[in-house]
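2 protein chains.
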Amino acid sequence: MNEQLFWVAPVASLIALAFAAYYFKQMVKCDEGTDLMRKIGQHVREGAMAYLGQQYRVMLVVFGVVAILFAVLAYGLGMLNQWLPVTFICGGFFSALAGYFGMRTATLASTRTAAAARESLGGALKVAFRSGAVMGLVVVGLGLLNISFWFFLVRKLQPDADLVIVTTTVLTFGMGASLQALFARVGGGIFTKAADVGADLVGKVEAGIPEDDPRNPATIADNVGDNVGDVAGMGADLFESYCGSILAAAALGAAAYVGNEAMQIKAVVAPMIIAGIGILLSIVGVYFVRTKEGATQKQLLKSLSLGIDSSAVLILVAAAGILHVLGIDNIWGVWGAVASGLITGIVIGKATEYYTSSSYKPTMSIAEQAKGGAATIIISGVSVGMISTAVPVLAVSIGTAAAFFCGAGFDISNLADAGTLSKGLYGIAIAAVGMLSTLGITLASDAYGPIADNAGGNAEMSNLGPEVRERTDALDSLGNTTAATGKGFAIGSAALTALALLASYIEVVRIELINGGTKMLEFSNGMEAVTTKDATLMDFMAYYNVTLLNPVVLICVFIGSMVAFLFCGLTVQAVGRAAGLMVEEVRRQFRESDGILKGTVEPDYARCVSISTVGAQKEMIVPSIIAIIVPIAVGLIFGVGGVIGLLVGGLATGFVLAVFLSNSGGAWDNAKKFIEEGNHGGKSSPAHKASVIGDTVGDPFKDTSGPSLNILIKLMSIVAIAMAGVTVAMSLI
Amino acid sequence: MNEQLFWVAPVASLIALAFAAYYFKQMVKCDEGTDLMRKIGQHVREGAMAYLGQQYRVMLVVFGVVAILFAVLAYGLGMLNQWLPVTFICGGFFSALAGYFGMRTATLASTRTAAAARESLGGALKVAFRSGAVMGLVVVGLGLLNISFWFFLVRKLQPDADLVIVTTTVLTFGMGASLQALFARVGGGIFTKAADVGADLVGKVEAGIPEDDPRNPATIADNVGDNVGDVAGMGADLFESYCGSILAAAALGAAAYVGNEAMQIKAVVAPMIIAGIGILLSIVGVYFVRTKEGATQKQLLKSLSLGIDSSAVLILVAAAGILHVLGIDNIWGVWGAVASGLITGIVIGKATEYYTSSSYKPTMSIAEQAKGGAATIIISGVSVGMISTAVPVLAVSIGTAAAFFCGAGFDISNLADAGTLSKGLYGIAIAAVGMLSTLGITLASDAYGPIADNAGGNAEMSNLGPEVRERTDALDSLGNTTAATGKGFAIGSAALTALALLASYIEVVRIELINGGTKMLEFSNGMEAVTTKDATLMDFMAYYNVTLLNPVVLICVFIGSMVAFLFCGLTVQAVGRAAGLMVEEVRRQFRESDGILKGTVEPDYARCVSISTVGAQKEMIVPSIIAIIVPIAVGLIFGVGGVIGLLVGGLATGFVLAVFLSNSGGAWDNAKKFIEEGNHGGKSSPAHKASVIGDTVGDPFKDTSGPSLNILIKLMSIVAIAMAGVTVAMSLI
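Protein chains in written order, with the numbering used here: chain A, 4 to 736; chain B, 4 to 736.
Source of the hints: derived by calculation from the structure; they are not laboratory data.
Don't take every hint at face value.
In this list, chains with the same sequence are indistinguishable; a pair is considered to hold if it fits within one copy or across any two.
Heads up, simulated DSBU-like pairs for lysine-lysine below, C-alpha to C-alpha not over 30 Å straight-line [as the list claims (entries may be wrong)]: (1) 207 <-> 686; (2) 374 <-> 207; (3) 676 <-> 692; (4) 301 <-> 676; (5) 364 <-> 621; (6) 601 <-> 374; (7) 129 <-> 601; (8) 159 <-> 301; (9) 686 <-> 374; (10) 374 <-> 621; (11) 32 <-> 536.
For clarity, every value in this text was computed on a predicted model and none was experimentally measured.
The task is simple: from the sequences and hints, build the whole structure.
What follows is the structure, given as structure tokens:
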């Protein structure tokens, strides 16, 4: 059989989609509760669909324009891969489709979760979690199905083509997924925080009504925002990482084993097979998640962890088996790379939990500082966030080193050897695949968060009893913890994926050089010329002078670092401006209709959703253009060496900055909750007021800018890959 | 004559010291004002000397231990340059001496400035600015005198030694300067903000007494802190950059012209000569700084700018002349590099002014956001700070590229050519020297700030009339603007200096390899072996695999980025903790003696100074150890390639992060002042309260962590250079 094991990937994808459909149907059958609950749910659902509709309309235009551009470059000027225009649209479409299913499920599930919470905690958890699993399974199912389909198709159509060409062609699928993720994550991130901040500033602070009060016109937008950010945004982000890592691994596998066809095909299908197994065992993990009535927060968290950890262990065992059956070379090396990735993911998750959960010292110390006022809580949150970058960065560094060492067959004494470097880089990409192999279930626990949050909002607005609210609160609080660790996981996997994409960039350049007629690489320093086809990665590095003493490379590293900060600053600013529009709208509604605050007139929820939507779409333009233009411009001005410098600078700084922003934000959030639980004076104490300021500052950090950086680092890589042909054709250096 | 022009350097240094002595004597002769003024001045002076005494005692121990360690490594194991133990102590000693003179002058000058302000604005400006010039001239004088002395001595003692060996030996002088800068800048930064925050929190907020009130026990410590941070700290930072850039340029010059002895010596002395000319023309610039009574803020700023800008223009003209006389190759290239550096410095200064002065949109928009409360002003300050990184980074990038292009003789078509790369890197180092050539006068305007600030404090505490206070306020406000632009200049020059040090690292490695007996570089990828002596920089890059696809290099770039954040988080945390001790002490004094608040009992100022001193010394231990250990550990574990990756990652991220922190902090500070001038409700409005929180958050950003990053990026480079022998000897990779 051997390479026929490839079929594990599409079959597992279909099974994932079937389970998603099954969970969806089960959820829809559940009781939706009272009329009021239904009505509120309806509002949120309509808002969410209105948001998606608007986003997809804008995307249709953008995708159309870019696709035409790509078509001109590809078919007119012959500078791009011929498949790019098609795979580009396909990648975007399926990512958007996954987002649509996830949002639809989440918004249907929240009322049902609230309704189930009237009966029991366990029942509510089951509804919420399995609905979250719909998103998880749809993302991995659609992602892997597409990859298998394109791989199969391109190979069928070009049966004699080298696998390097086939895999680098399929790699272009990532460009569409990446652009859609930009809309979902950056636009969504701005939407959710604009609505949140707007609702809080006028509702809580000015009008003095509680959170989730139906009299607040922005409250529905706020609830929609939770779904937009943590379901659609997170889903698109991870869809991109998932596909990107598998595609990059396939391309690097093909490159690492050039000249050994039997092994090459195995190296290419291995990441798909591992992903397929990961899907199946994620589904198994879903069944480990259950709880009993009156469970404590810790028990709830344990039951979620049990699901994810069991999946991880099962995947490790199964991967060893299937790699043996596949008969890949360096079995234990590839397996070690998978393990490195899985362990790195778990370490990052634990570190994130340590730095952002109020059960541990860092967040407690931030809460303590709240007693000194707003300034001291901000300062301590910033310092904790910055210090918290150490463990995730070291984890990724060690994980990367281990994966490289394993991938290279446990011998890296001669890096200049063509095989060592390529195989090691393949190992790094396999680590990314390994880390993301549990995505089916980890994303379930991410998407679970907003469902539980919205269920709580629904229970509040529908005046359900205190015991219901208590249950939804418990589920919501659990969701906050999983949201923080989920962010850590998303960042870590984005960093590994970007690293894998960076490594595969050179393979794409090689193909473009060959297509462009460059048969030999002629070195300028007296090294012997080598054929482009047989050049090692080190030859390419020498050819393009990609060393750290080349000022072009150095300058571009600087620029990459700066772009991460600039992008981040622009997204933070965007939230501020979009929130300002929301504040004005809510004030206007209160002013123009006295009945709203009295509760006799229903506010215009839809208008708030639409304002946030339009604001987010508008505000994401400038940062998005920067993310797309900079790698293209650097490629045209500085050539291949500059692009690699840019990607490394952006990746290194963006990764660390994202961890800092996410963890600071998460820690402030939980410090506030810790005070609300009655510590340091409890609610309405001066410490609480200070902590609210900390939380508000942290909101755009953790929900807009931090996650947007995941997109930036991957998008810059994928743009560079997509435009490699143009860079090679136009470059003067 | 030609290379005899070298003598311009020591002669100019001596002239600088003579002028410094002259200005000092003139200042001491000025009237010191009333008895109360004298007494307060006495307190601050005693506090400052107590701080310095304590710092120097700790340094004596640390320097002693490190010197012994170096001696063992150098004389016992033969792993280090034989001169290092001696030059190390010397570099530290003279940097400390410059700090001592500067502090002594500044603390003597503030009372005299206040006294002069009773008469006229122009007189007060003259006293303050010329006293600032003492610091500026002492730093450049002692720095350049030492460099010339060591260069002369080492050359005399080893008349036949290659200039590369001579210059890399003298380069070790930077290690001592760097370690002393660590104490002065990081320890000083923690001291100044601990005192400031402590004084404000208890004095202003709890006890409700105004700033600079003599009843506040921490007020003297606060005034001492201004001197500690902006005189001693800034001075040591720039002493290090100044020496580092000249030394690196000399080393790179020697390397670039190996084999052409006539030219080599010219390239080595050129940076010293340019620095010497810079000193002389800085002194000329001092005489352009004058103003008339009732000058507006803008006119005051103009008169300072006039001094600096005239110096810059004169230096450009004179440099062209002297380079002709020197008869250096590629005259216009070297001159172009000087110009690139000077222009980069000016652009960074202007950009900093734009982003931090309340005359421009960014800071005004932050003040506007204060109306929304503390959270919105923090968010907008963060976003402005992040966006503000774009121009300085682009300026340094373009300046670096231009300097490289000029240095390489306007032809970079063949980077692999040994000459092109070395000469280009020499150009980059020359740009750093050019940027810092105006240091005599730019540092004068930095050191002027705390003198004016303290003069204001003295006037307040001594109950001088409102017209005096008005004059000192005008001078103080000017000092705030120069402080912000001075920080930008310090960061930019630190980045360029670090870049030059990074480039010279490889030259040091070469010497160590030769000393260690490695006569040939044998490549592992089939390239022909070359002799270590004749190897090009590109050969070294190939030998050590310093390409961006080498995972070791990549991982170390990640770690470098992370260390910048970690270091920063630790210093922010340090301020919080040290300020906590100060708060307790002030509370204790108020509690234990009723007379203090009544004004009948003098508080124990000295104890506050001592608490801040001890706190700062203690809190700087952990971040300092990290800054020193990481490059050594990376060298031992990952070898030369890892070290270069680490330095690049730390430099890129540290530079951008420092700009962000400094500009955010500066903008918050001025937004607060803008509101205090009566905008958005003026003093005691809710907007003002919010802006005070912004300013408090910004304090450690701009005065501790941001400036500390300057030290980090240079210190890591110089540690790597000093330990190159150990890295080469021990490295397994």
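Could you tell me which of the hints above the structure violates, numbers in ascending order?
Of the numbered hints given earlier, those the structure breaks are 7, 8, 11, listed in rising order.
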